[in-house]
Structures are given as C-alpha cells and as structure tokens.
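With the hints as constraints, model all of the structure from the sequences given.
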Amino acid sequence: KAGVTQTPRYLIKTRGQQVTLSCSPISGHRSVSWYQQTPGQGLQFLFEYFSETQRNKGNFPGRFSGRQFSNSRSEMNVSTLELGDSALYLCASSLGGGSYGYTFGSGTRLTVV
Amino acid sequence: GIQVEQSPPDLILQEGANSTLRCNFSDSVNNLQWFHQNPWGQLINLFYIPSGTKQNGRLSATTVATERYSLLYISSSQTTDSGVYFCAVGTTSGTYKYIFGTGTRLKVLA
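As they're listed, the protein sequences go chains A and B.
For the first sequence, position 2 (counting from the first letter as 1) is numbered 2 according to this note's numbering, and the numbering increases by one without interruption.
For the second sequence, position 100 (counting from the first letter as 1) is numbered 100 according to this note's numbering, and the numbering increases by one without interruption.
Calculated from the structure, these hints are not laboratory results.
From the three backbone atoms N, C-alpha and C, an ideal C-beta is built for every residue, glycine too.
Each hint should be verified, as a subset may be incorrect.
Unchecked claim - Partial pick of chain B residues on the chain A-facing surface, computed with a CB cut under 7 Å:
no., residue
1, Q42
2, Y48
3, Y96
4, K97
5, F100
Unchecked claim - According to the in silico footprint, chain B covers these stretches of chain A (three or more CB under 8 Å from chain B):
no., region
6, 17-30
7, 51-58
8, 100-113
In structure tokens form, the structure reads like this:
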C-alpha cells in the first residue's frame with residue numbers, strides 16, 4: 001500500500017514568489033493535514049482538510065492557503081514568500097482526522113532566498 | 001492551549017543501552033502518537049497510543065492518560081535509533097490537529 005506522497009522534495013524560491021506543494025494521501029484516507037517545521041518554532045499545525053472542507057486552521061498569515069480535491073489529494077500554497085517561510089513542510093493523512101493516528105509523508109524542504 | 005513537554009531534550013547512549021523518553025501533557029487528550037524523525041526529515045510512526053501499553057520489537061510505549069504522561073522505552077539501542085523522537089497529542093475538543101512536543105534528540109554511539 002502506497003504511503004503519503006509529497007512533491008516536490010526540494011524547492012528553492014526567491015522572496016516574493018509563490019509556491020504550491022502537493023500531497024497525495026494513503027488510498028482511502030480522507031483527512032489531510034499540513035505542518036511546518038522550523039528549527040526555531042518546531043512542528044506547527046497549518047491546516048486540516050476532510051472531504052474537501054477545511055476543518056481547522058493554525059495560526060499562520062493568510063499567505064498560507066490550501067485546498068483538497070475530490071480524490072483527497074491536497075495542495076498548499078504560499079504567496080509572497082518571505083525568508084522566514086524556509087522550512088520543512090510535512091503532510092499527514094488519516095482515515096478520519098486523528099482517531100486512528102496520522103501517517104506522514106517525506107516532506108518538502110523549501111528554501112527561500 | 002495544551003502544552004506538551006518532552007524530556008530529556010538530548011540523550012547520548014552507548015549501543016546496547018536502554019532508555020526512557022517521557023512526554024507530559026497539560027490537558028486531556030484523545031490521541032497520542034510517538035514518532036521518530038529520520039535524518040531526511042520524515043516522521044516515522046512508532047506507536048498510536050492514547051492509552052495503555054504497546055510493544056513493537058525493542059520499542060514499547062505506555063500512556064497513562066489520567067496522569068497525563070506517556071513513556072517510550074528503547075531497549076538494546078542501536079545506532080540506527082539515532083534521531084529525534086516526537087510525541088504528538090490531539091485534544092478532546094475535536095480540533096483535528098496534533099500538538100507536538102519539542103522532541104528528544106537521541107544519539108547512539110557505536
């Protein structure tokens with residue numbers, strides 16, 4: 001059974017640009033969550049989607065957005081990139097939003113220069 | 001909001017030694033997972049353990065939800081056990097998110 005697939009694995013962007021990251025959950029999982037990991041702030045929750053609906057959002061500026069498609073694949077977008085957005089972005093999938101645990105993908109490492 | 005504290009923050013062991021990692025949380029939880037983050041950044045699920053005890057090979061975990069803590073035991077440690085161990089909890093308010101602890105960085109020496 002395929003795991004959680006995140007693409008791309010690495011990205012280098014310039015300040016002011018925008019970026020889109022993709023996450024394909026485990027087949028049958030309808031919940032997708034996104035987390036940001038930085039050395040200073042640790043792992044922080046961005047948002048969670050279930051059946052194309054955002055059910056919760058973390059404390060991040062509006063430049064961070066996401067969506068989920070009918071096949072449960074999810075994308076997150078960051079507009080007007082700042083140097084501080086450099087981080088490892090992790091996606092997690094779950095059957096129903098945590099009651100059975102989360103499985104994480106390998107992450108996308110974003111560097112903003 | 002709920003606070004999750006892990007201890008110790010850093011741990012250095014000789015290969016073959018045993019260790020106990022602790023996770024304390026400040027409120028009731030309905031989900032709890034232990035993860036190992038490998039050198040490439042992926043979070044590998046070790047245990048989903050909101051309560052009770054589980055074992056998987058050299059690893060075992062115990063969560064005492066009423067006392068708001070969980071323990072991860074690593075026996076006969078190997079160099080491949082090196083990395084960062086995270087505890088993550090989900091609260092009972094149904095907010096569909098995990099709060100992560102700050103992690104325990106483990107280094108196992110050959």
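Hint-by-hint comparison with the structure:
no. : hint    : in the structure
1   : Q42     : holds, 5 Å
2   : Y48     : holds, 3 Å
3   : Y96     : holds, 4 Å
4   : K97     : holds, 4 Å
5   : F100    : holds, 4 Å
6   : 17-30   : violated (count 0)
7   : 51-58   : holds (count 3)
8   : 100-113 : holds (count 9)
Hint compliance for this structure: hint 6 alone is broken.
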